[in-house]
Amino acid sequence: GAVVSQHPSRVICKSGTSVKIECRSLDFQATTMFWYRQFPKQSLMLMATSNEGSKATYEQGVEKDKFLINHASLTLSTLTVTSAHPEDSSFYICSATDMVEKLFFGSGTQLSVL
Amino acid sequence: AQSVAQPEDQVNVAEGNPLTVKCTYSVSGNPYLFWYVQYPNRGLQFLLKYITGDNLVKGSYGFEAEFNKSQTSFHLKKPSALVSDSALYFCAVRGDGQNFVFGPGTRLSVLP
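Going line by line, the protein sequences match chains A and B. The opening residue of the first sequence carries number 1 in our numbering; numbering runs sequentially from there. The opening residue of the second sequence carries number 115 in our numbering; numbering runs sequentially from there.
Worth flagging that the hints you see were computed from the coordinates, not collected in a lab. Because the structure is a prediction, the values reported are computed rather than measured. Heads up, a few of these hints could be off.
Straight-line alpha carbon distances no greater than 30 Å define the calculated BS3-like cross-link-like pairs of lysine-lysine that follow [what the hints assert, rightly or not]:
(1) A:Lys41 / B:Lys191
(2) A:Lys41 / A:Lys14
(3) A:Lys102 / A:Lys14
(4) B:Lys136 / B:Lys172
(5) A:Lys14 / A:Lys64
(6) A:Lys41 / B:Lys136
(7) A:Lys41 / B:Lys163
(8) A:Lys66 / A:Lys20
(9) A:Lys55 / A:Lys20
(10) A:Lys64 / A:Lys20
(11) B:Lys183 / A:Lys102
(12) B:Lys191 / B:Lys172
(13) B:Lys163 / B:Lys183
(14) A:Lys55 / A:Lys66
(15) A:Lys102 / B:Lys172
(16) B:Lys136 / A:Lys55
(17) A:Lys41 / A:Lys64
(18) A:Lys41 / A:Lys20
(19) B:Lys136 / B:Lys183
(20) B:Lys191 / A:Lys102
(21) A:Lys102 / B:Lys163
(22) A:Lys64 / A:Lys102
(23) B:Lys136 / A:Lys102
(24) A:Lys66 / A:Lys14
(25) A:Lys66 / A:Lys41
(26) B:Lys163 / B:Lys136
(27) B:Lys163 / B:Lys191
Distance ranges between label pairs, derived from CB positions [as the list claims (entries may be wrong)]:
(28) B:Asp168 / A:Ser15: 47 to 57 Å
(29) B:Pro218 / A:Met99: 20 to 30 Å
(30) B:Ala115 / A:Glu87: 29 to 39 Å
(31) A:Leu114 / B:Asn169: 43 to 53 Å
(32) A:Pro40 / B:Val197: 13 to 23 Å
(33) B:Pro121 / A:Ala72: 36 to 46 Å
(34) B:Gly176 / A:Lys14: 40 to 50 Å
(35) A:Ala72 / B:Asn131: 45 to 55 Å
(36) A:Gln110 / B:Pro121: 27 to 37 Å
(37) A:Gln42 / B:Pro226: 18 to 28 Å
(38) B:Asn169 / A:Ser89: 34 to 44 Å
(39) B:Asn155 / A:Ser18: 19 to 29 Å
(40) A:Pro8 / B:Pro226: 29 to 39 Å
The C-beta atom is built at its ideal place from N, Cα and C for all residues, glycine as well.
Produce the complete structure using the sequences and hints provided.
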């Protein structure tokens, strides 16, 4: 079964609305979660790294006010795309790790902003 | 600094033939090495990992990888490729106390 659960798998929203994506580690405590964005036929682009109980670390060029990340517990991190616009349409993937030897990915969320 | 290289953007192989997807890395300290597979519009699925122990690691779907310390490589292999193996493959590495770094991915196409 899935070790990391990511919801929703697909979301379509209107421009200007906010969308929240959840990432849960199901059977281990994830001290760190990563959020990636992936464009069609391209590699993963790391957006941010979040450690439980602290502020996320964003990669250069990623707007932290637009992509809000919360990692309030060892099993849940959320990514909120605020005031989404068509250029935010993409495939978003989370991963969770215990920073030892477990690193698992969610199934991804396809965001389409109309 | 840590880095991972997957020198081939695309690998084509005929069904039934052996396949190899290459990965080389650079880390300080002991490496933790991983392979993941991504099917279209899906998340990444874990295939196998090397932490310690035998250099030859066996994973899911008949894949295996060999850790070669002297060549700093962790190539993914399968003795007989299937059309269903066609996907995007990512190698990842982590050094002691360091973050995970992913390779750019290699697209594998298995031709019938």
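Results for each hint:
Annotation: proposed proximity of Lys41 of chain A to Lys191 of chain B holds, straight-line Cα distance about 22 Å (limit 30 Å). Restraint check: the Cα-Cα separation between Lys41 of chain A and Lys14 of chain A comes to about 25 Å, which is no more than 30 Å; the hinted pair holds. Distance hint between Lys102 of chain A and Lys14 of chain A is unfulfilled; the C-alpha atoms sit about 37 Å from each other, more than 30 Å. Of the supplied pair hints, the one linking Lys136 of chain B and Lys172 of chain B holds, its CA atoms being roughly 16 Å apart against a limit of 30 Å.
In summary, the hint linking Lys14 of chain A to Lys64 of chain A is supported, as the alpha carbons are separated by about 21 Å, within the 30 Å threshold. Restraint check for Lys41 of chain A and Lys136 of chain B: satisfied, since their Cα atoms lie roughly 19 Å apart, inside the 30 Å limit. For the proposed pair Lys41 of chain A and Lys163 of chain B, the alpha carbon gap of about 24 Å is at most 30 Å, so the pair holds. Using a Cα cut-off of 30 Å, the hinted pair Lys66 of chain A and Lys20 of chain A holds, with the two alpha carbons roughly 12 Å apart.
Taking the CA atoms of Lys55 of chain A and Lys20 of chain A, the gap is about 17 Å. The hint holds against a cut of 30 Å. A hinted pair counts as satisfied when its Cα atoms are at most 30 Å apart, and Lys64 of chain A with Lys20 of chain A qualifies at roughly 14 Å. Annotation: proposed proximity of Lys183 of chain B to Lys102 of chain A holds, straight-line Cα distance about 21 Å (limit 30 Å). The suggested pairing of Lys191 of chain B with Lys172 of chain B holds, with an alpha-carbon distance near 10 Å, which does not exceed 30 Å.
Between the alpha carbons of Lys163 of chain B and Lys183 of chain B the distance comes to roughly 15 Å, so the proposed pair stays at or under 30 Å and holds. At most 30 Å may separate the alpha-carbon atoms for a hinted pair to count; Lys55 of chain A and Lys66 of chain A meet this at roughly 15 Å. Restraint check: the Cα-Cα separation between Lys102 of chain A and Lys172 of chain B comes to about 17 Å, which is no more than 30 Å; the hinted pair holds. With a C-alpha separation of about 36 Å, the suggested pairing of Lys136 of chain B with Lys55 of chain A is violated against the 30 Å cut-off.
Note on Lys41 of chain A and Lys64 of chain A: the hinted pairing holds, with a Cα-Cα distance of about 25 Å set against a maximum of 30 Å. With a C-alpha separation of about 24 Å, the suggested pair Lys41 of chain A and Lys20 of chain A falls inside the 30 Å cut-off, and the hint holds. Annotation: proposed proximity of Lys136 of chain B to Lys183 of chain B holds, straight-line Cα distance about 14 Å (limit 30 Å). The suggested pairing of Lys191 of chain B with Lys102 of chain A holds, with an alpha-carbon distance near 22 Å, which does not exceed 30 Å.
Proposed proximity of Lys102 of chain A and Lys163 of chain B is supported: the alpha carbons are some 9 Å apart, at most 30 Å. Straight-line distance between C-alpha atoms of Lys64 of chain A and Lys102 of chain A comes to about 27 Å, which keeps the hinted pair within the 30 Å bound. Only pairs whose Cα atoms come within 30 Å are accepted, and Lys136 of chain B paired with Lys102 of chain A is accepted, the gap being roughly 22 Å. Restraint check for Lys66 of chain A and Lys14 of chain A: satisfied, since their Cα atoms lie roughly 16 Å apart, inside the 30 Å limit.
Under the criterion of a C-alpha separation no larger than 30 Å, the hint pairing Lys66 of chain A with Lys41 of chain A is consistent with the structure, at around 24 Å. A distance of roughly 15 Å separates the Cα atoms of Lys163 of chain B and Lys136 of chain B; the hinted pair therefore holds under the 30 Å criterion. Distance hint between Lys163 of chain B and Lys191 of chain B is fulfilled; the C-alpha atoms sit about 13 Å from each other, no more than 30 Å. The hint said 47 to 57 Å for the Cβ distance between Asp168 of chain B and Ser15 of chain A, and at roughly 53 Å that hint holds.
For Pro218 of chain B paired with Met99 of chain A, a C-beta distance near 23 Å keeps the hint of 20 to 30 Å intact. Taking 29 to 39 Å as the suggested C-beta distance range, the pair Ala115 of chain B and Glu87 of chain A conforms, at roughly 30 Å. At roughly 51 Å, the beta carbons of Leu114 of chain A and Asn169 of chain B sit within the given window of 43 to 53 Å. Between Pro40 of chain A and Val197 of chain B, the C-beta spacing of about 22 Å keeps the proposed range 13 to 23 Å intact.
Checked against the given bound of 36 to 46 Å, the beta carbons of Pro121 of chain B and Ala72 of chain A, roughly 41 Å apart, stay inside it. About 45 Å separates the C-beta atoms of Gly176 of chain B and Lys14 of chain A, a value consistent with the hinted range of 40 to 50 Å. Between Ala72 of chain A and Asn131 of chain B the C-beta distance comes to about 49 Å, which sits within the given range of 45 to 55 Å. Our hint of 27 to 37 Å for Gln110 of chain A and Pro121 of chain B holds, since their Cβ atoms are close to 30 Å apart.
At about 26 Å, the CB distance of Gln42 of chain A to Pro226 of chain B agrees with the hint of 18 to 28 Å. For Asn169 of chain B and Ser89 of chain A, the Cβ-Cβ distance of about 43 Å falls inside the hinted range of 34 to 44 Å, so the restraint holds. Roughly 23 Å separates the CB atoms of Asn155 of chain B and Ser18 of chain A, a value that falls within the hinted 19 to 29 Å. In this structure the supplied range 29 to 39 Å holds for Pro8 of chain A paired with Pro226 of chain B, their Cβ-Cβ distance being about 35 Å.
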